[in-house]
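Engineer: Residue strings, one per chain:
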Amino acid sequence: MIATQDLAPQIPNQAEEIEQLQRSWRHPRGVLGWLSYTTHQAIGMRYIVTAFIMLLAGGIEALLMRTQLARPDNNFLSPDKYNQIFTTHGTTMMFLFAVPMMEGMAVYLIPLMCGTRNVAFPRLNAFGYWMFLFGVLFLYWGVFTNAAPDMGWFAYPPLSGPQYTPGKRTDYWAQMITFTEVSALCVATEIIATIFKMRAPGMSLNRMPLYVWSMLIQSFMVIFAMPAVVVASSYLLSDRTIATHFVNPAEGGDPILYQHVFWFFGHPEVYIIFLPALGFVSAIVVAHSRREIFGYTAMVLAQVANGFIAFGLWVHHMFATGLPQIGEAYFTASSMMIAITSGVQIFCWLATLWAGKPRLTAALHFVYGFVAIFVLGGLTGVVLASVPLDWQVHDTYFVVAHFHYVLIGGALFPLFGAFYHWFPKMTGRLMNEKLGKLNFWVLFIGFNLTFFPMHILGLKGMPRRVYTYPTEMGWEQSSFIATVGAYVIALGGILFIANVLSSRRFGAMAGNNPWSADSLEWATASPPKSYNFEYLPMVTSRYPLWVQRSERAFVTGLRSDRREALVTTLMDAEPHHRYVLPTSSIWPFITAVAVSIGFAGSIFNPWYLTWGSVLSGLALIGWFWPRRPVELES
Amino acid sequence: MNDVRTVDVSGLPPYDISHQSPLWWGQLMLAFIEGTMFFILIAAYFYTRLRMDVWPPPGDQFPHLLLPSLALVLLILSCAGSYWASEAAKKNSRPGMIGGLLLNLLLAGAVLVMRIIEWHSLNFNWKTDIQGSYVWAFIGLHTFDYIAEMVFTAVLLVIVLVGRNGPKQRMGVHVDSIVWYFIVLIWIPIYVTIYWAPFFAEAQQ
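In order, the protein sequence lines correspond to chains A and B. Letter 632 of the first sequence, counting from 1, is numbered 632 in this note's numbering, and no numbers are missing. Just add 1000 to the spot in the second sequence (first one is 1) and you have this note's numbering.
It is possible that part of the hints are untrue.
[Unchecked claim] Okay, derived cross-link-like pairs now, DMTMM-like style, lysine to aspartate or glutamate, Cα gap no bigger than 20 Å in a straight line:
hint, chain 1, residue 1, chain 2, residue 2
1, B, Lys1127, A, Glu251
2, B, Lys1168, A, Asp73
3, B, Lys1090, B, Asp1016
4, B, Lys1168, B, Glu1149
5, B, Lys1168, A, Asp561
Keep in mind that the hints were calculated from the coordinates and are not lab data.
Turn these sequences into a full structure, and let the hints steer you where they fit.
Structural biologist: Shown next, in the form of structure tokens:
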């Protein structure tokens, strides 16, 4: 057995040591074993696959809606079904696709990019995935039992309150939030700990790849934003199930408070999805233009500023609620300010591409598409930041067009670029470039066909969330074009899946570093072994694989007979101590089942929270109970 | 290939019970998460108060101050037990850990009893009115954390008592103290909000 890294030190007993490393990091067998995985590659891949299935589900819901809207007075879907489908579409795309997909990519990539063996808390990572999966199953259980939420993805009271939405539909929605928030918070916590304490020696903060920066900032945003949505959904749930008075106007509660708390989460949420995508773009631009990033410091500062400003924008979702004008003016200013920090990053990428030698790969196509679409979406964002214009188009298709431009342009295109860029690392094979470029053009054209006409529909006054419209409104033509576009997007999706399936089998072998890229994940095998690196790399530059071979260095002396990693200091990443990572364990799964019993049952009977807490407590004691009495002190 | 530079880390300790440990950072993030949640609730409490003409809503008693204030003093004192246990964990002193954890549990248990007595004396519940909803949410959520943390302190005590206090468990004792400091610290603004704010908020009428 020899090391799979592109460069590795020769030490005595190397083969023996690597075999031991493989034994320590082996996955357990059988179904129970499969439920016990704690390696970040396996968990990350589970996140990615599950979230991708959710993208398909959300996409099918979108196609159903577009089919209904293709012509006026259509009765393909009943109003009630239409309400359920648009709510499930928004909910699925935001909570079950976008955030978990970004978290999954980070779970897969961050330990590799930081040059370590696993995330800081592997069992918490597994627990987070199971909570996400159970949240998916929970919501879709509702969908398939005619209890899909039907009050819009942000569930404003009083519509979502007990008087106007009796039954369990809103409860399914509100509790699904709890599941996915637990999952996102688990990932954010372990990503921060991994980035702060487990970077390769020498990877000081100012040498961190920009993707790692973006995930660090995003994780902090998750930590400060997600508690708000926990509060919002708990308000709703407790008003509905145990008759509290928080946001229910029938009981003296304040529905505007719900909007404040929800959007205090909801706006940062957009950046929680968008910042990792910016990280993808930086990684792709650097690797495929074969040049160091232009303005590294400006990029980092712009991203940090993005993270802060994102918390000061939430009221621009509420301009039509009659808030005081001084407040509206402040939020207009801050909403326009975020265009500056986003603009800085766009210019830095353009400068990097300009000065580099870009290879026009499929991944880079998606980056170009991102720039074009995102800039358009950003411009309509500036329009919406202005109160009088916002009043004019509030709750129309103009808003639908805007947020699909920023979310699909800002997150989905970079994500597809990231798939093309990292697919070889994750599977060992390259994706088909020709099919990839075709995939890009079909998606790009389909996207603009679908969403550009929505700007016009919105200006003509078509409200969002209507299940049909009469002929005399004159919305027919644009709506039909949008529907055609939606099917073109679906074709693009099919091309992508076809490319993935065929490339997995027949794609050209990638080797360690097919793009001659700069960051550490490309130093090891594709796909990486479950321990990532035989010898943890040391970092001497911001672009660790672009330095002379003689300048590269490695860590030796970590034990291979147990799962050991290295903890380094926060700022300068100097080696501090060794860290024994936990092995596989079934307890995260059992704990997730116990917590889920409490969460799921509580929408039917609040006592389930008590029983769920007791069960979860027992499961956690099992989780933490020391098996080997006293671990070795050496 | 033999000329590749290497750094041998086999001499570094296999664990470190301090803020250098990833687990310490994980606990800090957990405190941020819960702290944010409580601060949003506190902000929402005052936001709600601004929209009401009379506060506390008619019929609700004004809070008692004596028992909760005494409980707060005892609660702050209980940190001494956590600190003792955590320092003992760093030095691997089993008696220190046992003493510290026991002291913490005793004081925490006393505070819990005082809190339950106080809780029972409220003349409103979460269904009565909006203040009731908030007060019960604050006390309920905090007490949930509180009991969960007491259970884990007790589990750690058992682990130390049966002699299974390896490095990971001692790290557990250390981060247990951090969770406890958080639970005590976050109670201070909550205490001010639910026991003092009704007087201040009322005085502005």
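Engineer: Does each hint hold? Answer for all of them.
Structural biologist: Now for the hints, and whether the structure bears them out:
| no. | hint | verdict |
| --- | --- | --- |
| 1 | B:Lys1127 x A:Glu251 | holds, 9 Å |
| 2 | B:Lys1168 x A:Asp73 | violated, 66 Å |
| 3 | B:Lys1090 x B:Asp1016 | holds, 9 Å |
| 4 | B:Lys1168 x B:Glu1149 | holds, 18 Å |
| 5 | B:Lys1168 x A:Asp561 | holds, 18 Å |
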